[in-house]
Amino acid sequence: MWQQIRNNPRAAVLAVLAHVIFIVILLVSFKFSNDEPGVKGTLKPKVMPEVIKAEAIDEKQINAEIQRRRELENRQQQKIREQARRKKEAQLREKKRLAEKKKQQRAEKKRRQEAIKRKQKEAAEKKRKLALKKKQEREKRLAEEKERKQAERKRIEEEERKQQEELARQEAEMKQKLEADRQRRDAARQQAQRQSSQREIGKYLGLIKNAVSRHWTLPSADVNGLSCEVKVRIIPSGEVIDVQIIKSSGNLAFDRSVETAVYRAAPLPVPSIESGLFDEFREVIFSFEPRDL
Amino acid sequence: MQNMKKQLSFILGFIFLAVSQAHAVLTIEITQGVEGAAPIAIVPFAWAGKDAPPEYMNKIIAADLQRSGFFKALPEEDMIAMPSEAGKVNLADWRALKVDYVVVGKIISQPDGAFQVQFQLLDVYKGKQLAGYSIRSRKPNLRTTAHQISDIIYRTITGVQGAFDTHIAYITVTENRKGTKLYRLAIADSDGANEQIVYESTRPLMSPSWAPDGRRLAYVTFFSGRPEIQVQNILTRETQKISGFKGINGAPAWSPDGRRMALTLSKDGNPEIYVVDLKSKKFTRITRHYAIDTEAAWMPDGNALIFTSDRGGSPQLYRVELNSQGAATGRPRRLTFDGNYNSRASISPDGRRVAMVHREKGKFQIAVLELKTGRFQILTDSRLDESPSFSPNGSMIIYATEDNYRGILAAVSVDGRAHQRLSLQMGDVREPAWSPFKGAVQ
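Residue numbers (the working numbering), protein chains in the order written: chain D, 1 to 293; chain U, 1 to 442.
Just so you know, these hints were derived from the structure itself, not from any lab. Note that the coordinates shown come from a computational prediction; the quantities given were computed from them, not determined experimentally. Incorrect hints may appear among the rest.
Derived lysine-lysine pairs resembling DSSO-like cross-links, with alpha carbons at most 27 Å apart [to be verified]: (1) K247/D / K279/U; (2) K128/U / K231/D; (3) K231/D / K126/U; (4) K181/U / K246/U; (5) K231/D / K98/U; (6) K110/D / K134/D; (7) K372/U / K247/D; (8) K72/U / K50/U; (9) K247/D / K128/U; (10) K134/D / K121/D.
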């Protein structure tokens, strides 16, 4: 209220003035009426015992007076009501205006705030976009750099690889050549070895043959057409550890003579383990087939 | 030189073989062996008694095996140990002695006076027992038991049935102080021991022939003054006359089925071969020739006879086929062409060989003809060998020969490698005949 008065001093003065006038009017009017039949204003009618001095007053007049008074009163009340109404309306208007104003102020404020916010947002967005752009650019740059570097590296690697390949090829070629040489040499050596091995093996086979022949007692002079094959297992000492008949002559005595001959001839003359030839002799097949000379 | 050449070619052959088959198993071809016999040690059989053992089993067995020609027995004095059972045999000892087989055994006397003879045959190189038996026997039969052991050893090692536990029949001639000759038909063990006289006479006895059952003998006797063929059961001594025709009644030969007998009769003029059915006594003439036909021998299948005939100018062997009735089905075919004298055929039990008396450079020797191949081999080298007779397993031939003008018996292995003389009998010994296996059918 005070705020409103302060805010609208003219209106407040006017309002006070209006009230004063109204009150004066009221007081005056009462005087007027009191003045009339002898009632002085100074008098306090209530205390006065002769209030009614039945003065005949025209009823009409009274009624009219009452009417008039009533009307006056009504008018006054109406006026008051009007005034109150107006005042209220004014107040309402004022209030409304104030509310409106306030609303406007709020809206304004809000608008301003929003504007600020928007601006901030826009700025942030801008900033973000800028940053993003910057970042993307940087990344792109980095990627490009990386790619470039990779390509470079690849190129170098490729070059190195090619170089290595070339080296490898050369080396392989060299190796191949060496290997071929080695093989040629080995083959020659092996050939020589084989020949000498075969000679050696042949020598031992001959020795074994002689030894076994010497120990082979023909079971009878009547053995023509008989033949028997045995598989003989020999150990490095030349001892015979097994004689297995793989093809029987069908004649027990003949088969036995064959088995026994091999056992009797043991230890058989076999090449030493060191010669590398013994393995050939671990298992030897003897074919016994007497022939007339 | 030739040997060396052979060896060289051998070695070269091997080189070639080895080169051509880089990883093939080496093969050695043995084409020659040595003449000889398988060395075997028959260790004296252990005997727990204080006295001498009831029989020297090892000696009998060793002699048997050695006589076969297949074995050579290690002399007792060369033995370094005398184990009596396989568990106590140190194989290395016997390998060192270079024997292939060892026989150990023992004689255990039983409460009832009998003996239990145990023996084991071991393969020295393989270190394994090849045979082991325990045989119950009595003192008079211990020699027979020894022969049975020899048979088992022989069969185990050669795969051929042994013929040691068999008999021989033969004729002996002795002269008493008055100069009277005594002829005896005797039988003995195959080694000549245990001689028993089956029949004796002051008149000649000839040509004993075993029945396939091994219990009867047919022979020629002159007890009546002229030759007759009679059959005698060696256990019961019963005799039975088969033929007593005018002239020659000789050379009886039992058919393999025992139902017939081939013999030589001259009842129709000159000696011819006949076959008599022993049941019906029906005689069937087989040969018809003016020459001498005699000494028939049966092929084991009974479908042919081989006999001696001089129809070609000199004695040779001929063969004539027979039908199931024992009648000739064709003309005799000459079998022998080696030399100008071949007679007295004995056919091996497998029918593959014919042993005969063959004359070479004035000497009569035992020879063998292989029927399939025609291979002819002279087995003996004495002056006067006669009457060959195959052992029932075909591995040996017994024959008569002479020593200091006295007839003796000898045996030769069928390959001619082993020669043995059967020492024993008194007087002149002739015409041996080897029995069938004991327990042979019929």
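Compare the distance between the alpha carbons of K128/U and K231/D with 27 Å, and conclude whether the hinted pair is satisfied.
Answer holds: K128/U to K231/D is near 19 Å, not above 27 Å.
Hey, K110/D versus K134/D, does the alpha-carbon distance stay inside 27 Å?
34 Å, violated
Would you check the hint for K247/D and K279/U, treating anything up to 27 Å between C-alpha atoms as holding?
50 Å, violated
Would you mind confirming whether the straight-line C-alpha gap from K181/U to K246/U stays at or under 27 Å?
It holds: about 25 Å lies between the C-alpha atoms, which stays within 27 Å.
Between the alpha carbons of K372/U and K247/D, is the straight-line distance 27 Å or under?
Satisfied, since the Cα-Cα distance of roughly 25 Å is no more than 27 Å.
Verify the proposed pairing of K247/D with K128/U, using a straight-line Cα cut of 27 Å.
22 Å, holds
Holds or violated: K231/D and K98/U, Cα atoms, limit 27 Å.
With Cα atoms ~22 Å apart, K231/D and K98/U stay inside 27 Å; holds.
Are the Cα positions of K134/D and K121/D separated by 27 Å at most?
With Cα atoms ~19 Å apart, K134/D and K121/D stay inside 27 Å; holds.
Hint consistency between K72/U and K50/U [alpha-carbon to alpha-carbon, up to 27 Å]:
31 Å, violated
Given pair status - K126/U, K231/D, alpha carbons within 27 Å:
15 Å, holds
Against the hints set out earlier in the document, violations occur for numbers 1, 6 and 8.
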